[in-house]
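Residues per chain are reported as follows:
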Amino acid sequence: MTAASALPQFPWLTLLILLPLGGALLCLLHHRRAEECRWLALATTAATLGITIYLFVCYGQGDSGWLLYEDAAWIPRYGIRFTLGLDGISLLLVLLTAFLQMIAVLMSWSEKQHVPMFFSLLLVLEATLMGIFLALDLMLFFLFWEVMLLPMFFLISIWGHERRHYAAIKFFLYTLAGSMVMLVALIVLYLIHGEQTGTYTFALAELMQTDLSSQQEMLLFLGFLLAFAIKIPLVPFHTWLPDAHTEAPVAGTIDLTGLLLKTGIYGLIRFAFPLFPEATRSFLPVLGIVALTGIFHAAWAAYRQDDIKRLFAYSSISHVGLVVLGLAAWQLTAWEGSILLMLAHGISTGALFVLIALIRQRTGTRNLAELGGLWSQAPQMAFLFLFFSLASLGLPGLANFAGEILVLLGTFQTHPVWAAIAVIGVVFTAAYMLRLVQGVVWGPVKGRPTLPDLTPREWLILLPMAVLVLWLGLYPEPFLRPLHGAVVNIMAGGLP
Amino acid sequence: MSLPDLLALLPILILVFGGTVILMAGAWYREPLPLIAGGIVTALLGAVAAGLVQPPVVEIAGLFSAGAYARFFTILWSLLAAAGLMAAARYIIENSIGAGEYVSLVLYAAAGMALLSSATHLLALFLALETFTLAFYILIACNRRCTLAAEAGIKYLLMSAVSTGFLAFGIALIYASSGTLSLPEAVIKLSAATGELHAWGLLGWGMVLIAVGFKISLVPFHLWTPDVYQGTPAPVGGLLATGSKGAVVAVLVGMLAVSGPVWHGLTDLLWLLAALTMLVGAFSALGQKNLKRLLAYSSVTHMGTLLVGLLCQTSAGLTATTFYLVIYVITSLGAFVIIASLADERGEPMEFDQWRGLGYLHPVRCGVLALLLLSLAGLPATAGFMAKFVIFEAALQSGYLGLVLIGVLSSVISFAFYLRVTMLLFEPDESVCRWHTGTASEHAVIAVCTSAVLLLGLFPGILFDLIGRILP
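In the order they appear, the protein sequences are chains B and W. Heads up: the first sequence begins at 177 in my numbering, then just goes up one per residue. Heads up: the second sequence begins at 3 in my numbering, then just goes up one per residue.
By construction, these hints were calculated from the structure, which means they are not laboratory data. One should not assume that every hint holds.
No farther apart than 20 Å at their CA atoms in a straight line, the calculated lysine to aspartate or glutamate pairs in the EDC-like style are these [stated by the list, open to error]:
| hint | chain 1 | residue 1 | chain 2 | residue 2 |
| --- | --- | --- | --- | --- |
| 1 | W | K291 | W | D355 |
| 2 | B | K288 | B | E212 |
| 3 | B | K288 | B | E338 |
| 4 | B | K622 | B | E546 |
| 5 | W | K157 | W | E132 |
| 6 | W | K291 | W | E198 |
| 7 | B | K288 | W | E132 |
| 8 | B | K288 | W | D229 |
| 9 | B | K622 | B | D483 |
| 10 | B | K346 | W | E429 |
| 11 | B | K288 | W | E432 |
| 12 | B | K622 | B | D482 |
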């Protein structure tokens with residue numbers, strides 16, 4: 177690879193995975209002292225965030241190549257290696273993971289039930305997410321990809337709301353079905369490659385060299401695509417999300433929308449597209465149309481929801497539709513916009529979930545019909561709710577706008593019709609967001625005349641998110657810079 | 003039998019003579035603990051002898067192999083017997099079962115399983131199979147005050163009797179068509195035989211297959227499994243689910259490794275059996291409300307997956323099958339021992355209602371049970387995933403894409419029922435009550451099984467290398 181791999185170097189990437197795992201283990205060992213577990217989880221996530229920020233500052237400005245690369249033998253008999261690599265795309269996602277996970281821990285501070293287990297599951301989730309965003313060996317990736325389901329499953333099924341069991345099982349089986357198909361495709365690819373070259377390996381860089389007939393390539397691509405499409409989720413495969421989303425506890429919801437959905441998109445970018453370039457090229461129009469359908473279908477569904485958590489589930493599906501549209505446009509600006517939009521969506525929607533959870537804590541409801549007049553009940557909270565809602569609908573100057581405009585600009589250059597239709601989709605977003613804001617923030621006061629406003633802890637959670645939303649909206653350059661080289665390389669069909 | 007032969011048989015002799023001595027001692031000396039400890043020591047000695055004493059001959063009297071592969075399974079089954087006895091100690095004492103009888107029967111069963119895994123001759127196969135089946139009839143029903151166990155014992159006896167009939171008839175037909183009873187030779191001659199003889203030979207192998215099908219509960223010969231598992235006390239169930247099935251699979255693997263590809267006439271039949279077994283097992287398990295019955299159906303599914311590996315007949319397939327088998331044995335044993343360790347004077351927790359919320363009262367064991375179940379389902383990072391992965395890999399290499407897709411479907415369904423149990427374990431429930439805290443020996447067995455599952459899940463290379471070296 178690059179010079180970075182040649183030098184003996186501190187294994188930062190491995191540490192990013194091991195640190196949360198270690199924290200999880202310590203939490204379980206300290207299971208008699210709930211208070212300590214909280215601090216332990218916070219310290220672990222803070223340390224992880226610290227490392228990612230350090231990596232961003234020190235390595236984030238390199239314009240191409242692997243910023244960091246680690247490789248070790250693991251299961252030689254089957255050519256499985258422990259290979260991790262960090263490029264601009266994974267750097268941003270790793271940063272987002274570390275950030276949101278710390279928010280999730282802070283947000284779950286008042287969790288009463290089975291505290292040690294809760295935090296250790298959150299930390300395991302963080303470790304697997306890091307693994308997904310860093311793994312370059314397909315088997316290693318698959319391992320993290322599957323294990324990730326488990327902590328999420330337990331978070332939903334133990335700490336979730338009323339229909340948690342149904343939602344948890346549905347989430348697990350739905351995503352599992354997709355990934356098992358991917359596993360088969362993966363093994364077939366591995367065998368074909370092994371027969372051609374004589375070396376059996378799961379390394380991404382090697383498997384990309386495989387000669388495939390166009391039919392083989394299409395079938396394998398579809399196998400991978402199914403797994404990622406379910407996780408993203410693209411529209412015909414999205415029905416698990418609203419359930420899982422609504423029933424999950426707040427930390428689970430933040431992770432689900434903020435991070436889990438991103439793993440599907442990341443999988444497309446990192447694995448599905450580079451492994452099967454020909455199939456990708458011929459499938460892009462379909463992908464674009466599916467994404468467009470998703471934007472509208474989900475926006476329409478969101479408009480009709482009364483449960484605000486469910487509304488945001490659909491809104492997320494609509495947003496990732498736009499992200500995938502940007503990818504399908506296959507244009508540099510659109511790709512950068514898509515990745516930036518992932519980041520922005522993770523933060524702004526994450527913040528909204530935090531606020532929804534706070535509103536529910538205080539009013540006991542998430543039903544739009546029973547909410548109203550938040551501005552006079554708790555002005556600080558209402559202000560932030562408005563702020564993040566506007567960010568989410570793409571107000572210029574706030575985070576989502578920067579991503580959306582880049583996606584639309586880029587798409588317009590290759591597929592003007594798509595871009596034109598997508599713009600209408602953005603209007604749809606405005607429609608349901610304004611209906612939401614109108615219902616929650618303004619209107620006649622329902623319930624108690626005043627509610628307790630934000631506490632310092634809650635400000636501590638929301639303020640950094642607000643700052644980031646502004647930063648991404650006003651000056652996204654520092655985040656775009658590491659992206660550029662990586663995106664150019666992947667679009668050219670290579671690795672960073 | 004010459005002296006080298008006897009020396010090669012040493013591990014088996016230790017098990018059998020040790021068992022007999024303990025049986026005799028038990029007639030006079032009724033204190034259970036020393037007898038059980040003696041049994042455990044004997045089993046461990048058997049394992050040590052199999053591992054350390056270099057056999058002077060490769061084959062014993064043309065009946066049993068003394069090769070590395072046979073030795074490996076001798077060690078495995080001896081260790082299994084030791085683990086089974088460690089898990090059974092409390093069961094024996096609390097139900098005042100004759101310790102001498104119980105211990106000696108477990109040792110005989112282990113000897114039978116070890117012999118079966120090393121059989122290279124059809125008669126040896128028959129004898130070894132009957133040896134441990136006989137021990138199991140008694141072990142299943144050894145608690146005379148339990149009617150469920152008696153029912154299970156009778157069921158197992160009847161089913162085994164039927165399958166013995168098939169086996170004996172099948173062997174006779176094979177002999178008639180091929181003129182030999184030596185296992186690899188009989189298999190090879192089947193493909194050489196022509197005309198009517200070939201047909202008779204195929205019929206004979208078909209009958210042996212039916213007998214095997216009964217023993218390892220392939221669909222449609224699996225109907226006894228849930229009832230017998232439910233009635234069998236967990237310490238015995240742990241042996242029945244693992245050793246009695248594993249030994250049969252092991253002898254098939256050993257045979258295929260020597261004989262090379264032989265299934266020709268039977269491939270389609272085996273394909274169908276494997277597909278049916280994986281699907282019917284998984285679908286039937288979905289509706290269960292009893293953990294032991296669920297484990298029974300899960301074992302049916304696993305046997306179907308093993309059959310996929312056997313069907314491949316490549317060296318990759320056989321390695322995969324052996325790996326899968328070892329992992330299955332370890333994981334299943336762990337699950338049964340956990341059930342046994344929770345048992346108290348009310349019996350064993352079996353019904354799902356008894357398990358609900360138990361994870362908060364017995365966090366470690368329930369957590370481990372969840373882990374083992376997820377390993378059985380094939381969650382990555384546990385040994386179960388590696389096992390499934392290598393089977394699928396081997397099957398795809400041999401071109402059985404359809405079978406792999408069916409396997410994938412059955413895996414997804416399996417996840418559904420295993421997850422239901424894990425969810426149940428950690429579902430907050432006020433009415434849940436405590437069970438036994440378990441003894442040190444039970445905890446030790448659970449700890450060993452769990453560490454093996456985790457270790458082999460992350461570093462499966464250790465076992466792959468070993469299997470690669472021992473497979474003939």
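Going through the hints against the structure:
1. W:K291 - W:D355: 8 Å, holds
2. B:K288 - B:E212: Between K288 of chain B and E212 of chain B the Cα gap is close to 13 Å, so the pair holds against 20 Å.
3. B:K288 - B:E338: Holds, at roughly 17 Å.
4. B:K622 - B:E546: 6 Å, holds
5. W:K157 - W:E132: 16 Å, holds
6. W:K291 - W:E198: 49 Å, violated
7. B:K288 - W:E132: 57 Å, violated
8. B:K288 - W:D229: 42 Å, violated
9. B:K622 - B:D483: 16 Å, holds
10. B:K346 - W:E429: 17 Å, holds
11. B:K288 - W:E432: Holds, at about 16 Å.
12. B:K622 - B:D482: 15 Å, holds
Violated hints for the displayed structure, listed by number in ascending order: 6, 7 and 8.
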